[in-house]
Amino acid sequence: MLSVFRQVMLYLAVLCCAVNAHAAADSMKPDTELHALAQQLIDAGFREKKALTEALVEINDPKTLEFSQVMVNGDLYYRKDDRVVVIKGEDKITSFFNGEVIEIASSRDIKKISVNNSLRTILRSGIARLQIFSPVASVRKQAAVNLLKSADDIDSVTLSRAMAEEKNSEVKDILSLVQGIKSLESGDSATRLAGIDALAGSLYPDVRGALANFVRAAESDGRASEVKAATDALEKIEDLLRVNAVIENLYFGLALGAVLLLAAIGLAITFGVMGVINMAHGEMIMLGAYTTYVVQQLMPDHIGLSLAVAIPAAFLVSGLVGVAIERGVIRHLYGRPLETLLATFGISLVLQQAVRSIFSPLNREVATPDWMAGTFMINPALELTYNRLYIIIFSLVVLALLALVLKRTLFGLQMRAVTMNRPMASSMGIRTGWVDALTFGLGSGIAGIAGVALSQLTNVGPNMGQAYIIDSFMVVVFGGVGNLWGTLVGAMSLGVVNKLLEPWAGAVVAKILVLVFIILFIQKRPRGLFALKGRAADMG
Amino acid sequence: MSQEIKGGPLTRLIMNDKAGRKLLLVLLLVSVLVPLSNLLVPEGSLFHVSTFTMTLLGKYLCYALLAVAVDLIWGYCGILSLGHGAFFALGGYAMGMYLMRQIGDRGVYANPELPDFMVFLNWTELPWYWQGFDQFWFAMIMVLAAPGLLAFVFGVLAFRSRVTGVYLSIITQALTYALLLAFFRNDMGFGGNNGLTDFKDILGFDLQADTTRAALFFASGIALIGGYLISRFIVTSKLGRVLVAIRDSESRARFLGYRVEWYKLFVFVVSSMLAGVAGALYVPQVGIINPGEFAPINSIEIIIWVAVGGRGTLYGAVIGAVLVNYAKTYFTGAFAELWLFMLGGLFVLTTLYLPKGVVGLWAQIQEKRRSSSGGPGGGQSATAEGKV
Chain A
1 MLSVFRQVML YLAVLCCAVN AHAAADSMKP DTELHALAQQ LIDAGFREKK
51 ALTEALVEIN DPKTLEFSQV MVNGDLYYRK DDRVVVIKGE DKITSFFNGE
101 VIEIASSRDI KKISVNNSLR TILRSGIARL QIFSPVASVR KQAAVNLLKS
151 ADDIDSVTLS RAMAEEKNSE VKDILSLVQG IKSLESGDSA TRLAGIDALA
201 GSLYPDVRGA LANFVRAAES DGRASEVKAA TDALEKIEDL LRVNAVIENL
251 YFGLALGAVL LLAAIGLAIT FGVMGVINMA HGEMIMLGAY TTYVVQQLMP
301 DHIGLSLAVA IPAAFLVSGL VGVAIERGVI RHLYGRPLET LLATFGISLV
351 LQQAVRSIFS PLNREVATPD WMAGTFMINP ALELTYNRLY IIIFSLVVLA
401 LLALVLKRTL FGLQMRAVTM NRPMASSMGI RTGWVDALTF GLGSGIAGIA
451 GVALSQLTNV GPNMGQAYII DSFMVVVFGG VGNLWGTLVG AMSLGVVNKL
501 LEPWAGAVVA KILVLVFIIL FIQKRPRGLF ALKGRAADMG
Chain B
541 MSQEIKGGPL TRLIMNDKAG RKLLLVLLLV SVLVPLSNLL VPEGSLFHVS
591 TFTMTLLGKY LCYALLAVAV DLIWGYCGIL SLGHGAFFAL GGYAMGMYLM
641 RQIGDRGVYA NPELPDFMVF LNWTELPWYW QGFDQFWFAM IMVLAAPGLL
691 AFVFGVLAFR SRVTGVYLSI ITQALTYALL LAFFRNDMGF GGNNGLTDFK
741 DILGFDLQAD TTRAALFFAS GIALIGGYLI SRFIVTSKLG RVLVAIRDSE
791 SRARFLGYRV EWYKLFVFVV SSMLAGVAGA LYVPQVGIIN PGEFAPINSI
841 EIIIWVAVGG RGTLYGAVIG AVLVNYAKTY FTGAFAELWL FMLGGLFVLT
891 TLYLPKGVVG LWAQIQEKRR SSSGGPGGGQ SATAEGKV
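For the protein sequence lines, the chains are A and B, in the order given. Take the first sequence: its position 403, counted from the start at 1, is 403 in our numbering, and no numbers get skipped. Take the second sequence: its position 136, counted from the start at 1, is 676 in our numbering, and no numbers get skipped.
Check before you lean on any hint, since a few could be wrong.
What the hints assert, rightly or not - Computed beta-carbon distance windows for the label pairs: (1) ASN662(B) x PHE521(A): 31 to 39 angstroms; (2) VAL648(B) x TRP504(A): 29 to 37 angstroms; (3) MET728(B) x ALA373(A): 32 to 40 angstroms; (4) ARG702(B) x LEU500(A): 25 to 33 angstroms; (5) THR458(A) x THR664(B): 44 to 52 angstroms; (6) GLY766(B) x GLY506(A): 39 to 47 angstroms; (7) ASN662(B) x ILE104(A): 50 to 58 angstroms; (8) MET377(A) x TRP663(B): 43 to 51 angstroms; (9) ASN662(B) x ASP221(A): 36 to 44 angstroms; (10) LYS908(B) x LEU404(A): 47 to 55 angstroms.
Keep in mind the hints are simulated off the structure, nothing from the lab. Ideal Cβ positions, reconstructed from N, Cα and C, are used throughout, including at glycine.
Using the sequences plus the hints, can you model the full thing?
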């Protein structure tokens with residue numbers, strides 16, 4: 001009985017082994033030229049490897065490029081018992097040819113297919129060649145950009161062929177820069193000068209490096225005319241870089257202006273239109289940011305969608321809190337601006353502490369959707385980040401919507417009527433109390449929307465509102481109270497001035513200078529850039 | 541207060557001020573008795589005041605002086621300064637610089653000339669604006685001059701271009717915010733983030749000694765009494781009447797021919813100097829001055845002291861400062877979470893229901909009792925009265 005059982009077990013075990021061996025043999029089958037060469041590489045010494053590698057980069061196989069790249073990075077291994085070629089990644093090991101994840105018992109089960117420097121050189125130029133003829137334009141472009149750093153990876157003949165075959169003008173321009181760099185090393189003075197000519201005006205840092213190196217070499221050899229040409233080319237590049245730096249700063253300034261605008265639009269309503277000093281305005285922004293956080297917690301798998309949900313949610317949350325503040329406190333304090341200031345400051349403290357007690361005093365993580373990350377490259381020296389671009393657009397959209405509400409809706413009309421002449425509006429049947437509450441709610445709600453946008457840029461914490469309150473007031477006062485365009489111009493100009501001063505004076509000093517400037521500006525024009533004229537101006 | 545009492549200017553000043561007279565008496569008693577009980581009464585006795593308590597009370601006295609300074613301009617001239625913490629801090633820094641120089645070579649780096657943080661920043665010589673601060677008299681002049689000068693320049697600019705009301709409040713806030721940012725910078729030469737600290741002695745007396753502490757406490761009490769009398773003198777003079785006129789209707793005062801801006805400037809500068817003195821007395825007692833004192837919230841807190849106590853009374857400011865700060869000490873110790881709720885609620889409730897502060901509430905209750913009509917609490921009528 002026992003022996004029968006043993007026999008069956010033995011039979012099963014043999015069967016298993018056979019199946020395993022069959023499977024292993026299957027994957028080892030040398031079905032491609034690349035596969036065969038890989039098997040040869042495993043056993044080869046460095047001398048044979050050199051010949052094999054030279055052959056490798058000539059193989060016409062879609063996987064050749066990847067194979068070479070893995071090999072040059074030193075991530076190419078093979079399993080000792082069945083000679084399967086594998087890629088050793090950071091956390092897993094995958095088979096190179098069929099992409100399966102391979103489990104190994106110990107790190108000694110696999111062995112590296114080692115490379116030395118001469119192999120690396122062959123591989124690199126092979127990779128460059130493979131990439132430069134790739135059917136995908138973006139791969140060709142990246143390859144061309146890499147060649148700027150190491151022009152030696154490609155020989156002149158291949159380069160000329162690549163340039164002749166290239167259809168994409170952008171890639172072609174970069175290739176001609178590569179050629180320019182290569183011709184700097186030519187023996188012929190005219191070619192060198194032509195090379196300098198080709199390089200002038202390019203913004204790639206590698207081109208600048210190549211030219212700088214060339215100037216040094218030419219100086220020591222005493223080639224005066226070439227030194228001058230190269231120096232001129234370098235100066236031209238520097239000028240262009242300076243222009244680009246200014247443009248970048250302008251962009252940063254506009255983005256900062258957009259943040260200020262978002263923070264200040266709500267205040268332009270509550271302070272500008274209603275004349276209410278709302279020191280809790282920053283906390284309305286904070287509530288909006290926390291609403292974003294809560295919405296994201298509720299729908300963690302849809303970060304992009306959560307923002308779309310958060311915008312109306314934040315508007316409602318901050319708006320309702322705003323209405324509550326107006327009905328509960330501010331209503332009793334109209335005509336006493338200084339008391340309003342104190343009461344709303346008290347509210348801001350309460351809201352801060354409430355958030356601190358509910359959510360903890362630490363900053364909360366708010367995720368950013370993928371489409372907001374990344375940069376938009378205009379030229380090699382100028383990359384604009386997408387999130388700033390979106391903030392600029394978003395702030396303008398919010399401003400436009402608000403202007404629309406004020407100009408085109410019944411509520412907007414009533415609001416303006418109450419601002420202009422309260423008793424008269426009241427006599428015409430407008431419920432001024434309601435209009436006040438809704439106006440304040442609107443201003444607060446917009447601050448909430450600003451909070452959604454700011455949660456994508458800065459930390460979300462109990463104190464985040466404090467950072468914006470002084471700036472927001474500055475913007476509104478600078479732009480002129482009660483004037484949306486003034487707020488727009490004020491925010492943008494303060495943002496730009498701040499960022500243009502920064503490289504020259506440093507961030508903190510720039511901010512101080514802007515504050516001092518506003519203090520002095522208010523002395524000259526106490527009613528801001530765009531002051532209301534006529535009777536309305538006397539009401540403050 | 542109705543009938544004028546004749547006599548010398550000081551007696552007249554005191555005798556015409558019934559509530560203030562009581563306050564001054566209390567202050568005088570406190571300034572004398574607290575140091576005495578700290579020094580003479582043995583520890584463990586019921587009447588012994590510990591050095592800790594005395595320092596805490598000393599702090600309150602400095603705050604009270606600051607509150608009087610704010611009440612002088614806000615209560616009597618309608619200037620709501622949200623930057624008075626800046627003047628307090630400047631006075632504090634002037635004193636701190638003197639105390640830093642007194643450390644001499646006892647610092648960590650044992651440099652006889654330079655304070656530690658300058659050695660740390662590899663500075664080789666004392667900046668020009670630190671010169672002279674080794675002399676006590678010079679430092680004391682600067683305690684008055686630094687805030688006074690800033691207030692003068694700022695006031696000339698602001699009042700002459702008729703920046704008033706809320707606008708003025710906001711730019712004073714911007715002013716203190718700008719100073720906050722500036723003093724955080726290491727290159728400013730005021731110790732950056734850490735500020736000035738590790739003081740050793742003042743006028744040769746050890747700052748840690750009980751006797752020095754007692755003397756500082758006494759000085760704070762006397763400064764508060766002095767500050768109160770000066771403010772009281774100003775507001776009861778003819779100039780004070782003009783200030784109140786400006787507070788109630790600036791344009792009308794101007795049309796009557798008063799140079800409004802110069803009146804405001806004068807009282808603003810005096811107030812800033814009082815704040816500077818408060819800061820200078822505060823620093824040796826707490827042992828540190830750092831840029832945090834410039835934080836806008838500090839300046840706003842001063843306003844609430846005055847509002848809680850009762851705006852436009854001077855003695856109300858003293859009461860408010862002590863009350864609110866005692867509450868702060870108690871609640872931040874006992875229920876730290878609750879303090880901001882309390883403070884925030886205080887802001888709202890005071891502005892809504894106590895437009896005249898606790899002093900006003902007291903007066904209302906008195907009045908109620910005199911007319912013996914009973915009725916609902918004083919808060920209701922206060923709100924109605926406060927509405928404009």
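Hints, verified against the model:
1. Take ASN662(B) and PHE521(A): their Cβ atoms lie about 38 angstroms apart, and the range 31 to 39 angstroms holds.
2. For the hinted restraint 29 to 37 angstroms between VAL648(B) and TRP504(A), the CB-CB distance of approximately 36 angstroms keeps it satisfied.
3. With their beta carbons about 38 angstroms apart, MET728(B) and ALA373(A) fall inside the hinted range of 32 to 40 angstroms.
4. The beta-carbon spacing between ARG702(B) and LEU500(A), approximately 31 angstroms, falls within the hinted interval of 25 to 33 angstroms.
5. Judged by the Cβ atoms, the range 44 to 52 angstroms given for THR458(A) and THR664(B) is violated: they are separated by roughly 39 angstroms.
6. The given range of 39 to 47 angstroms is respected by GLY766(B) and GLY506(A), whose C-beta atoms sit roughly 42 angstroms from each other.
7. Checked against the given bound of 50 to 58 angstroms, the beta carbons of ASN662(B) and ILE104(A), roughly 56 angstroms apart, stay inside it.
8. Restraint check, MET377(A) to TRP663(B): a C-beta distance of roughly 44 angstroms satisfies the suggested window 43 to 51 angstroms.
9. Between ASN662(B) and ASP221(A), the C-beta spacing of about 43 angstroms keeps the proposed range 36 to 44 angstroms intact.
10. The hinted range of 47 to 55 angstroms is satisfied by LYS908(B) and LEU404(A), whose Cβ atoms lie roughly 54 angstroms apart.
Consistency with the previously given hints fails for number 5 only.
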